[in-house]
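Please model the complete structure; the sequences and the hints are all you need to start from.
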Amino acid sequence: MHEVSLVESVLDLIQDSARVNGFVRVKKVVLQIGQLANVEPDAMSFCFDSVTRGSIAEGACLELLDSPGVAWCMTCQCSVGIASRTSGCPACGGHTLQVTGGSEMRVKSLEVEY
Amino acid sequence: MCMTCGCGDENFRVHGLPHPHTEDHHHGDPAGGSFSRIVEIEQDLLSKNDGFASANRKRFAAKACFVLNLMSSPGSGKTTLLVETVRRLQGHLPVSVIEGDQQTSQDAERIRATGVPALQINTGKGCHLDAHMIAHALEKMPAPENGLLLIENVGNLVCPAEFDLGESSKVVVLSTTEGEDKPIKYPDMFAAASLMVLNKCDLLPYLDFNVEAAIAYARQVNPALQIISLSARTGEGMQAWLDWINNGVAEARAGSNRGAYTYLGRGAKTEYCKA
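Chains C and S, in that order, give the protein sequences. If you're matching positions, the first sequence starts at 1 in our numbering and goes up one per residue. If you're matching positions, the second sequence starts at 1001 in our numbering and goes up one per residue.
Source of the hints: derived by calculation from the structure; they are not laboratory data. Mixed in with the good hints there might be a few duds.
Stated by the list, open to error - Calculated Cβ distances over 12 Å to all of chain S for the following chain C residues:
| # | residue |
| --- | --- |
| 1 | Asp42 |
| 2 | Ser45 |
| 3 | Phe46 |
| 4 | Asp49 |
| 5 | Arg53 |
| 6 | Gly54 |
| 7 | Ser55 |
| 8 | Glu58 |
| 9 | Gly59 |
| 10 | Asp66 |
| 11 | Pro68 |
| 12 | Gln77 |
| 13 | Cys78 |
| 14 | Ser79 |
| 15 | Val80 |
| 16 | Pro90 |
To be verified - Here are the simulated EDC-like pairs of lysine to aspartate or glutamate, each with C-alpha atoms no more than 20 Å apart in a straight line:
| # | chain 1 | residue 1 | chain 2 | residue 2 |
| --- | --- | --- | --- | --- |
| 17 | C | Lys108 | S | Glu1040 |
| 18 | C | Lys27 | S | Glu1040 |
| 19 | C | Lys28 | C | Asp16 |
| 20 | C | Lys28 | S | Asp1044 |
| 21 | C | Lys108 | S | Glu1042 |
| 22 | C | Lys108 | S | Asp1050 |
| 23 | S | Lys1185 | C | Glu3 |
| 24 | S | Lys1185 | C | Glu8 |
| 25 | S | Lys1048 | C | Asp16 |
| 26 | C | Lys27 | S | Glu1042 |
| 27 | C | Lys108 | S | Asp1044 |
| 28 | S | Lys1125 | C | Asp16 |
Every residue, glycine too, gets a C-beta built ideally from N, C-alpha and C.
Pasting the structure below:
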């Protein structure tokens, strides 16, 4: 359940931003979680409510945006879309793939109240 | 302050001409109401951990210390591998060990029994070590100069893959008493590692474990993965592992003479370049 630690990191970033920007309540948190990120979006939503309880983000709505998995196929010498780390190249079926996108986990933006 | 036009109270206006601040102008209500705004953050979820990891990496480089983060499921024989490794290396180079477990200091005691310094981190309910815990551990037990620091992560094939500790390399230990399909069941761990140690090879005659299939699955997830098969119990294959470590130690020592290495970021394969 490293999703708990990840949500705690989200709360840390929110609190840092509150100190800088001076907002008092968070209404919405937008995260980008790539399809190849080592995280379960459902588990993340599940932890979010309990981790944010009693904080400025209590009751905030959590929006998760996903981004597609992309890899460089060393055999085909081109960029291809992949659904998971165990998928092969859709063109040649090989596994000489270097993941280039879709593993990101970012806090994109917050909707806040002053 | 009005977030739409920048106006403050009645005495502070940024508009050229006085104008009525009607409700549709989205001003905060002076009677105590509030207004909303979007704040762009655009930060990696693990940016704090990565900041601590980067500071750890600089400390290791300054001491020319080669650092391994060993990860596996519980029961793969990580501690036995470490005990046998430090037994063979002590006297040849400075070695110390950080042990991560949810509870007990039994692993650190097993290491200390060999005469090598060991520090136990108990994560409590935590399922992995993070870079902040390692930074605190280094305050109590500094990394050995021109030597080797072995970090045994919490036994778990999922969560530790995500947390950079500032190590030189991530090593995943797979044992023959587990299924050969572990690499495709837990691909993130095998994608994050640069070396896979296949342990308990002395048991192969008694098991149905298919070594070729395990290696093929691991390379399917990570084509650049290096693989060493051994048995920590009988010592078979240990020399290849010790040679691999000695190479890393030599590189860390040479690296500190050439200048610090910079970590380029997370991904399928950890990449380094000269600063």
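Right, here's what the structure says about each hint:
no.	hint	in the structure
1	Asp42	holds (15 Å)
2	Ser45	holds (14 Å)
3	Phe46	holds (15 Å)
4	Asp49	holds (18 Å)
5	Arg53	holds (17 Å)
6	Gly54	holds (19 Å)
7	Ser55	holds (16 Å)
8	Glu58	holds (15 Å)
9	Gly59	holds (14 Å)
10	Asp66	holds (14 Å)
11	Pro68	holds (16 Å)
12	Gln77	holds (15 Å)
13	Cys78	holds (16 Å)
14	Ser79	holds (14 Å)
15	Val80	holds (14 Å)
16	Pro90	holds (15 Å)
17	C:Lys108 - S:Glu1040	holds (6 Å)
18	C:Lys27 - S:Glu1040	holds (14 Å)
19	C:Lys28 - C:Asp16	holds (16 Å)
20	C:Lys28 - S:Asp1044	holds (17 Å)
21	C:Lys108 - S:Glu1042	holds (4 Å)
22	C:Lys108 - S:Asp1050	holds (18 Å)
23	S:Lys1185 - C:Glu3	holds (19 Å)
24	S:Lys1185 - C:Glu8	violated (27 Å)
25	S:Lys1048 - C:Asp16	holds (11 Å)
26	C:Lys27 - S:Glu1042	holds (17 Å)
27	C:Lys108 - S:Asp1044	holds (9 Å)
28	S:Lys1125 - C:Asp16	violated (25 Å)
In this structure, the earlier hints numbered 24 and 28 are contradicted, and the remaining ones agree with it.
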